[in-house]
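Protein chains in written order, with the working numbering: chain A, 1 to 281; chain B, 1001 to 1281.
Be aware that one or more of the hints could be misleading.
What the hints assert, rightly or not - Okay, derived cross-link-like pairs now, DSBU-like style, lysine-lysine, Cα gap no bigger than 35 Å in a straight line:
#	chain 1	residue 1	chain 2	residue 2
1	B	K1208	A	K34
2	A	K238	B	K1034
3	A	K34	B	K1238
4	A	K32	B	K1032
5	B	K1030	A	K81
6	B	K1194	A	K98
7	A	K98	B	K1081
8	A	K194	B	K1034
9	A	K81	B	K1032
10	B	K1081	A	K81
11	A	K30	A	K194
12	A	K34	A	K182
13	B	K1208	B	K1034
14	A	K34	B	K1197
15	A	K81	B	K1034
16	A	K197	B	K1030
17	A	K182	A	K98
18	B	K1081	A	K197
19	A	K34	B	K1034
20	A	K238	B	K1081
21	A	K81	B	K1208
Said to hold, decoys possible - Across the chosen pairs, the derived CB separations fall in these ranges:
#	chain 1	residue 1	chain 2	residue 2	range
22	A	H61	B	S1204	27 to 33 Å
23	A	K98	B	D1268	25 to 31 Å
24	B	R1056	A	E103	16 to 22 Å
25	A	P19	B	D1046	30 to 36 Å
26	B	S1204	A	R254	37 to 43 Å
27	A	K34	B	T1010	44 to 50 Å
28	B	D1226	A	T58	54 to 60 Å
29	A	H4	B	H1227	50 to 56 Å
30	B	D1046	A	P262	39 to 45 Å
31	A	E221	B	D1043	45 to 51 Å
Since the hints were made in silico from the structure, they are not lab data. Ideal Cβ placement from N, Cα and C applies to all residues, glycine included.
Here is what each chain is made of, one letter per residue.
Number of protein chains: 2
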Amino acid sequence: MTAHPLRLPTGPVDLDTVPSGATPGFDGGKRKAKAALYAMGDDLADLQERLFAEGRATGSHRRVLLVLQGMDTSGKGGVLKHTVGLVDPQGVRITSFKAPTEEELAHDFLWRVRRGVPGPGYVGVFDRSHYEDVLIGRVDALADAEELERRYDAINEFERELVDDGCVVLKCMLHISKDTQKERLLRRLDRPDKYWKYNPGDLSARAKWDAYREAYAIALERTNTDHAPWFVVPSDHKWFRNLAVGQLLLAALRGMDLGWPPADFDVDEERARLLAEDASA
Amino acid sequence: MTAHPLRLPTGPVDLDTVPSGATPGFDGGKRKAKAALYAMGDDLADLQERLFAEGRATGSHRRVLLVLQGMDTSGKGGVLKHTVGLVDPQGVRITSFKAPTEEELAHDFLWRVRRGVPGPGYVGVFDRSHYEDVLIGRVDALADAEELERRYDAINEFERELVDDGCVVLKCMLHISKDTQKERLLRRLDRPDKYWKYNPGDLSARAKWDAYREAYAIALERTNTDHAPWFVVPSDHKWFRNLAVGQLLLAALRGMDLGWPPADFDVDEERARLLAEDASA
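Isolated chain A (complex conformation) (with noise of 0.2 Å):
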């Protein structure tokens, strides 16, 4: 996938250069996209079984993970409900990364990570991730400079691990203006129907948009591996963010060249075995 269009380039990354009203790839509009994501449903909910059912049926540990970064109204529960709603949700499992417990401070930054990696079989979902700890962790100097570099290491060492073992891992950073935040954030206030999504909290993290946007820059361009790169999703349109996930999804999904697993009993066996209860009955 080294060639699409949302695939970012090694080296130093200045975000600011890139376009989040895009569409790269997609000539249409909102009503082409939301046609072209429904159209995706049947590929990638047939390709997400195959991979459910070879979690279940052999002792493969192939599994995606995909991780979800970005700022607040950037859409990862967009992408969550239009996108990963169209795949069966008996195998997809889904962590929303909060801010730390205590349980969790007291343990690596990874310990909480390592427990949301999804099973084989299963296509997994962080909401919010490990990037977090290099993200507010950089910004609010929750880490220092030593450690901050420990940590960009450790993920690439951890990610590293999972590749090995298995897991595709695509890591998609929901890219938005400021501008397109202060609307969303604007649109939360106007309706009733979505205060529970504004916290007056959020504001800070706004205050500090310019630091966000470096701390990214600079996850980013220590975290762009060959074995899990990062995408970044232009997001100030909805419908292209939903549908360049989707697509990214799918395109890692037939990757992984899915069959359906070959069965691991003697077929016509168990048909005799069924059949011959009408003559023992």
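Given the structure of chain A, go ahead and fit chain B onto it with the hints provided.
Just chain B, lined up with the frame of chain A:
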């Protein structure tokens, strides 16, 4: 919901008198049932989002636990895919109970079950459940009579606790005939994309069909409480099963009288803070 046609009446239970191929309360066929289920999607999703919002934005502990029990091929997976799949996966927590691990066996049978209880705002689904411990537990004599008695009581007490803590407990027994199971098992043997669902061990449980029927009858009778009633869902028709569980879930959510959580902040003040940025920028 006590007047619901699928609500199991109190008293002794004889599942053989409940027609597994019936479609109580529904007078259409497959096409009409699928349309009815699909049409329910928006209401289900809306109410589930209100529940999720309540869990996020308030201190409420309200949530729903849907327990799915049934013999192999009764369609627990189908309900997860087609019915539970109608709502935002972000607000759903599915727990599948397999044969207990060594660690699980070292604890009381409810230990692993408690860990699977959904958090505030979630719709939790148990794919098999604590009822296995009084079903296979009884059929295979993994527990003696005294221990089984203790478990029925422990289950009722556990579910009482859940209900008292704001959890609506919805227990569905997916009821199929022995012939339907045979057809479905044969179908799994006829289709290479279904082999993964087949396990030769399934025939051992099938051979104990009558013992399971009896174990279900006793368990249902002993745990059919007012706080956590059982619903027997005729499941020979997959389309009726999916629709019926959807209707039960929808009725449960409607019964919770879910609104949108009010703002716990000053909406106008927050709007002013956001708009003031322009002046200060």
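Here is how each hint holds up against the structure:
1. K1208/B to K34/A: 49 Å, violated
2. K238/A to K1034/B: With a Cα-Cα distance of about 29 Å, the restraint between K238/A and K1034/B holds, given a limit of 35 Å.
3. K34/A to K1238/B: 29 Å, holds
4. K32/A to K1032/B: 29 Å, holds
5. K1030/B to K81/A: Roughly 27 Å between the alpha carbons, so the hint for K1030/B and K81/A holds.
6. K1194/B to K98/A: Violated. K1194/B to K98/A sits at ~39 Å, over the 35 Å cutoff.
7. K98/A to K1081/B: This hinted pair holds, its Cα atoms lying about 28 Å apart.
8. K194/A to K1034/B: OK: K194/A and K1034/B at ~31 Å, within 35 Å.
9. K81/A to K1032/B: 26 Å, holds
10. K1081/B to K81/A: 15 Å, holds
11. K30/A to K194/A: Measuring from Cα to Cα gives roughly 22 Å; hence the hint holds.
12. K34/A to K182/A: 24 Å, holds
13. K1208/B to K1034/B: 33 Å, holds
14. K34/A to K1197/B: Distance ~33 Å between K34/A and K1197/B Cα, so the pair holds.
15. K81/A to K1034/B: Holds, at about 21 Å.
16. K197/A to K1030/B: 39 Å, violated
17. K182/A to K98/A: 22 Å, holds
18. K1081/B to K197/A: 27 Å, holds
19. K34/A to K1034/B: 22 Å, holds
20. K238/A to K1081/B: 25 Å, holds
21. K81/A to K1208/B: 42 Å, violated
22. H61/A to S1204/B: 27 to 33 Å: Roughly 28 Å apart at Cβ, these two residues keep to the hinted range, so it holds.
23. K98/A to D1268/B: 25 to 31 Å: 28 Å, holds
24. R1056/B to E103/A: 16 to 22 Å: 21 Å, holds
25. P19/A to D1046/B: 30 to 36 Å: Since P19/A and D1046/B have Cβ atoms about 34 Å apart, the given range 30 to 36 Å holds.
26. S1204/B to R254/A: 37 to 43 Å: 38 Å, holds
27. K34/A to T1010/B: 44 to 50 Å: 49 Å, holds
28. D1226/B to T58/A: 54 to 60 Å: 45 Å, violated
29. H4/A to H1227/B: 50 to 56 Å: 53 Å, holds
30. D1046/B to P262/A: 39 to 45 Å: This hint holds: roughly 43 Å between Cβ atoms.
31. E221/A to D1043/B: 45 to 51 Å: 46 Å, holds
In the structure shown, a violation is registered for the earlier hints numbered 1, 6, 16, 21 and 28, in ascending order.
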